[in-house]
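Peer 1: The primary structure of each chain is shown beneath.
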Amino acid sequence: MAKSLTYTIFISLICLLITLTHSFSTETPTDRRILVLLDDLALKSSHSIFFTSLQSRGFDLDFKLSDDPKIALQRYGQFLYDGLILFSPNTERFGGSLDVAGILEFVDSGKDLIVAADAGASDLIRSVAAECGVDFDEDPSAVAPVLFKGIGHSLNPANSLVLKVLSASPSAYSANPKSKLSTPPALYGSSISLVSVVQARNNARAVFSGSLDLFSNKFFKSPVQKAGSSNKFAKSGNEQFVTELSKWVFHERGHLKAVNVRHHRVGETDEPAIYRINDDLEYSVEIYEWSGSSWEPYVADDVQVQFYMMSPYVLKTMSNDKKGLFHAAFKVPDVYGVFQFKVEYQRLGYTSLSLAKQIPVRPFRHNEYERFIPTAFPYYGASFSTMAAFFIFSFVYLYSK
Amino acid sequence: MGKSTVTTKDDAQALFHSLRSAYSSTPTHLKIIDLYVLFAVFTALIQVGYMAIVGSFPFNSFLSGVLSCVGTAVLAVCLRIQVNKENKEFKDLPPERAFADFVLCNLVLHLVIMNFLG
Numbered sequence: 055m056a057k058s059l060t061y062t063i064f065i066s067l068i069c070l071l072i073t074l075t076h077s078f079s080t081e082t083p084t085d086r087r088i089l090v091l092l093d094d095l096a097l098k099s100s101h102s103i104f105f106t107s108l109q110s111r112g113f114d115l116d117f118k119l120s121d122d123p124k125i126a127l128q129r130y131g132q133f134l135y136d137g138l139i140l141f142s143p144n145t146e147r148f149g150g151s152l153d154v155a156g157i158l159e160f161v162d163s164g165k166d167l168i169v170a171a172d173a174g175a176s177d178l179i180r181s182v183a184a185e186c187g188v189d190f191d192e193d194p195s196a197v198a199p200v201l202f203k204g205i206g207h208s209l210n211p212a213n214s215l216v217l218k219v220l221s222a223s224p225s226a227y228s229a230n231p232k233s234k235l236s237t238p239p240a241l242y243g244s245s246i247s248l249v250s251v252v253q254a255r256n257n258a259r260a261v262f263s264g265s266l267d268l269f270s271n272k273f274f275k276s277p278v279q280k281a282g283s284s285n286k287f288a289k290s291g292n293e294q295f296v297t298e299l300s301k302w303v304f305h306e307r308g309h310l311k312a313v314n315v316r317h318h319r320v321g322e323t324d325e326p327a328i329y330r331i332n333d334d335l336e337y338s339v340e341i342y343e344w345s346g347s348s349w350e351p352y353v354a355d356d357v358q359v360q361f362y363m364m365s366p367y368v369l370k371t372m373s374n375d376k377k378g379l380f381h382a383a384f385k386v387p388d389v390y391g392v393f394q395f396k397v398e399y400q401r402l403g404y405t406s407l408s409l410a411k412q413i414p415v416r417p418f419r420h421n422e423y424e425r426f427i428p429t430a431f432p433y434y435g436a437s438f439s440t441m442a443a444f445f446i447f448s449f450v451y452l453y454s455k
Numbered sequence: 277m278g279k280s281t282v283t284t285k286d287d288a289q290a291l292f293h294s295l296r297s298a299y300s301s302t303p304t305h306l307k308i309i310d311l312y313v314l315f316a317v318f319t320a321l322i323q324v325g326y327m328a329i330v331g332s333f334p335f336n337s338f339l340s341g342v343l344s345c346v347g348t349a350v351l352a353v354c355l356r357i358q359v360n361k362e363n364k365e366f367k368d369l370p371p372e373r374a375f376a377d378f379v380l381c382n383l384v385l386h387l388v389i390m391n392f393l394g
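First to last, the protein sequences are chains A and B.
If you read the first sequence in the working numbering, its first letter stands for residue 55, the second for the next number, and so on.
If you read the second sequence in the working numbering, its first letter stands for residue 277, the second for the next number, and so on.
For reference, chain A alone in the conformation it holds in the complex:
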């Protein structure tokens, strides 16, 4: 009796535990733990508006000096952080075991990165940026006098994942304003990028800014006046710009997920293990967008599904019901083999969706073909008449003598 009671309690405890674990594991793509590496702890107060806005949005910031010997991104093969902010443009060597390869490994495993450089950007910071397709200008100079103080950079044209967010004005050039120009500057006009973003193929995001001051309280609060115009703004747009940028980079925005991939023949509900050529089928998938706090239905009219075997045989734009359900109906092509349902959705600013589901397609079975086709009746008649003629001929031939 007592034993069975203990047993019951044990079982219910286990059930409770499972329920609790499930209730805590709501899937959120937003980063939580962020490591901030600083050159100088004074940055913590001079850039406090930016850090406070991150903290108020629920991020857990861990400030460390960049030469702190205890810096470690991972322990026992697990990453300790979801995001990394490098506000240490002058650091030549990180403390602890962190190096360029470590940061790249961090990004390669889908984590996010903000890098800010300034006029004295070190080789270390430059090489991190170069690995991501961003080349900071060599010349320590001030590109734009307003709101942005730092160095420009150019984007590696071979890298299609990196994108300019803030580019310089058409008349800007990148050079040291204090020295006389003897040769034309290598970077000029709007090809100078001031802030760039990268979204890697694994959806890791990184922001590269040529200016550390871009994030500072001073620039957030300073009034601006557009050159050649009398309009004065009491506050620069920096705060809004940086806030939105940080929301994007830490996956509070533009993060998509696809769930409930379904397909079935028209008029059925069960998913078949195999299709037959020329079957009519329906494919549906639910796509949601993370709004920072909840999953909202994603609404777009450019999501396409492919029916793919080495090349897409069917490419169809899916209709959506504004509640996140995307749907397409099409006919299986007259080709059999192992196909895939593919959704490859890469839209600027959103995480890429890449779904693939394998499905075989078989030809008609021997007994599934049409039988007794009216068009073929003359052929049937001819075959049977030659057979009859054979019999008649045999009799006539044998008894004619």
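It is worth saying that the hints were derived from the structure and are not from the lab.
All values derive from a computational prediction rather than experimental measurement.
A few of these clues could be false.
[Said to hold, decoys possible] A few chain B residues facing chain A, derived, Cβ under 8 Å: (1) V282; (2) A288; (3) Q289; (4) A290; (5) Y312; (6) T319; (7) Q323; (8) S340.
Glycine residues also receive a C-beta, built at the ideal position from the N, C-alpha and C atoms.
Based on the hints, put chain B in the right spot on chain A.
Peer 2: Chain B in isolation, oriented as in the chain A frame:
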């Protein structure tokens, strides 16, 4: 010119007459075979004409229909060669044996045709 046309016509008629008189001396059982071959060829031509009109959709049916006729004709011609007394090549082969071969080949042919027809 006109004279030569008349001559050609007369020649053609003469040729036709000689052919007919020569053919009338052909044994009856060979004539029966010839009739049978003509029937098969004619049926095949009708089917080809029909296919040209309605298109080649049940192509397997068309093939089996036409090939049954062609096969029948070919087998019948083979039988005719073997049972013809004037063919010295087959003088050792009894006509009963030739006919038995013919029947066997026809059975195989029609078996295949039936399988391919549907």
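Peer 1: All hints, please: hold or fail.
Peer 2: Each hint, compared with the structure:
| no. | hint | result |
| --- | --- | --- |
| 1 | V282 | 42 Å, violated |
| 2 | A288 | 32 Å, violated |
| 3 | Q289 | 31 Å, violated |
| 4 | A290 | 31 Å, violated |
| 5 | Y312 | 5 Å, holds |
| 6 | T319 | 5 Å, holds |
| 7 | Q323 | 5 Å, holds |
| 8 | S340 | 6 Å, holds |
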